[in-house]
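Visitor: Here are the chains, one letter per residue:
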Amino acid sequence: MDEKKNVVQEVMDGLTNWARVNSPWVLHFNSGSCNGCDIEILATLTPRYDLERLGVRLEASPRHADVLLCTGAVTRQARERLIRIYEQMHEPKFVVAIGSCALSGGVFRGCYNVMNGIEEVIPVDAYIPGCPPRPEAIIDGVVKLLNSLSPANHQITVADRNDKPSTEKAVEE
Amino acid sequence: MSTLSALFAISIFPGGLFLLSSGLLYEWGNRKLLALLQNRVGPRWFQPLADTIKLLAKEEVIPTGTNKFLFIGLPMVALAGGLTAALYVPLAGLAPSASFDGDLIMVFYLLSLLTLCMGLAGTNTVSRFSLIGATRTLTQVFSYEAPFLLALLGVAAAAGSWQISNITAYSGQHWLILTQPLGFLVALIGLMGKLEMPPFDAPEAHTEIVAGALTEYSGRGLAFFHLGKAIELVIGLTLIAAFFLGGLSNPLWFLIKTLALLFIMVVLQALLARLRIDQTVGLWWRYGVLLVLVQWLLMVLL
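Chains as they are written, first to last, in the working numbering: chain A, 1 to 173; chain B, 1 to 302.
Rather than coming from a laboratory, the hints here were simulated on the basis of the structure.
Each hint should be verified, as a subset may be incorrect.
[Said to hold, decoys possible] Output of the computed footprint for chain B on chain A, the stretches with three or more beta carbons under 8 Å from beta carbons of chain B:
hint	stretch
1	7-18
2	78-92
3	141-148
[Unchecked claim] Partner residues aside, some chain B positions facing chain A, computed with beta carbon under 10 Å:
hint	residue
4	Asn30
5	Arg31
6	Pro43
7	Leu49
8	Ile53
9	Pro63
10	Asp101
All residues carry an ideal CB built from backbone N, CA and C; glycine is no exception.
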């Protein structure tokens, strides 16, 4: 009886995982970037690269989105907005940091008014370097993130996610 | 035995499983054809299914300031309305599984239920985007509903019956698109307004009001609303095909007819830019109603 239940559970998990990998709806947020990366994200979503064939849809509401595409070094003013948008998203949610600034602060690293990258504020699941990254690089990063979801190649585990700085900590700082 | 056949009708064909899967496939057809017209590759065939399963498995958060009961109940009522309406329409060109005198009016109301539920769901939340979206949704209901109703009632008047099975029996002998071309046009475009497809997508304009009335919805509620819309697409296409394009017929021929209708709708979607909400109202009340009234006048005169 117990074993049968596990089989059902496994099938259900497999199904939801398959659905998640095949239907990532993305939300785009600029946390103080120079717009270079944002233009590349928009270029990625155009018919030339046609991300709808991978199931990607640009959503305007954080409630609908699964993946937060985030650019910029996070200015102190954008920090609270970024946290609020992250918290408005529903689980399971993933964050992709796009561009050098989003990874480490880039040329703005050490400035008095930036947080030196997205991972200082919210947990990040995938990093896409470049200044700005090409659309192909963005697609590659998102695909790698989605592939890491399937149990066969588990690169991001739940424990990993919990190790990263949580939003509550960031608010307290 | 009758209980068994009723259960079959509700859960497998024409309600339930068949309806949901055909709804998802028609939605895919809509998106794929649109993508091809826009010179894109388009989504894979299982895309709407993956979207639905993903949404069903997503966390559900009830925002503060909303009525919990309404927030959870409205999507269910919307979906139930669509599923119930399917029992009275000739899906796949076969005779409807239930029928009574005046069921045409009931199907109209069940189909409007989805839009009304979306409007209510939008006003139920405190987000300003949902409020604007809900206002626009309800405004649009009052603009397209009357011409759409009048156009389909023209068919009912020609057949002399309010019962869908009688109307399809009549339209099986006469291709009503030839005698009522204006009514056909208004009904088809009215269906686009009902489904909030591109020229009439002001209520959920992604580029201005986030996602309209459904901004605060996620998870199960959003999945139910999406499914309801997919079902409404199937039911609407079925009704128009059965009324104007030669009544009941074998499923393959009927599929070709509905796909042809879908193709016309996709071309219009790709061709036209979004109308402002006041332009939508103006279009329906200035031209839509007028066209239908001319149609009625011709019917009376000829």
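Visitor: For which of the previously enumerated hints does the structure constitute a violation, in increasing order of number?
Guide: 3, 4 and 10
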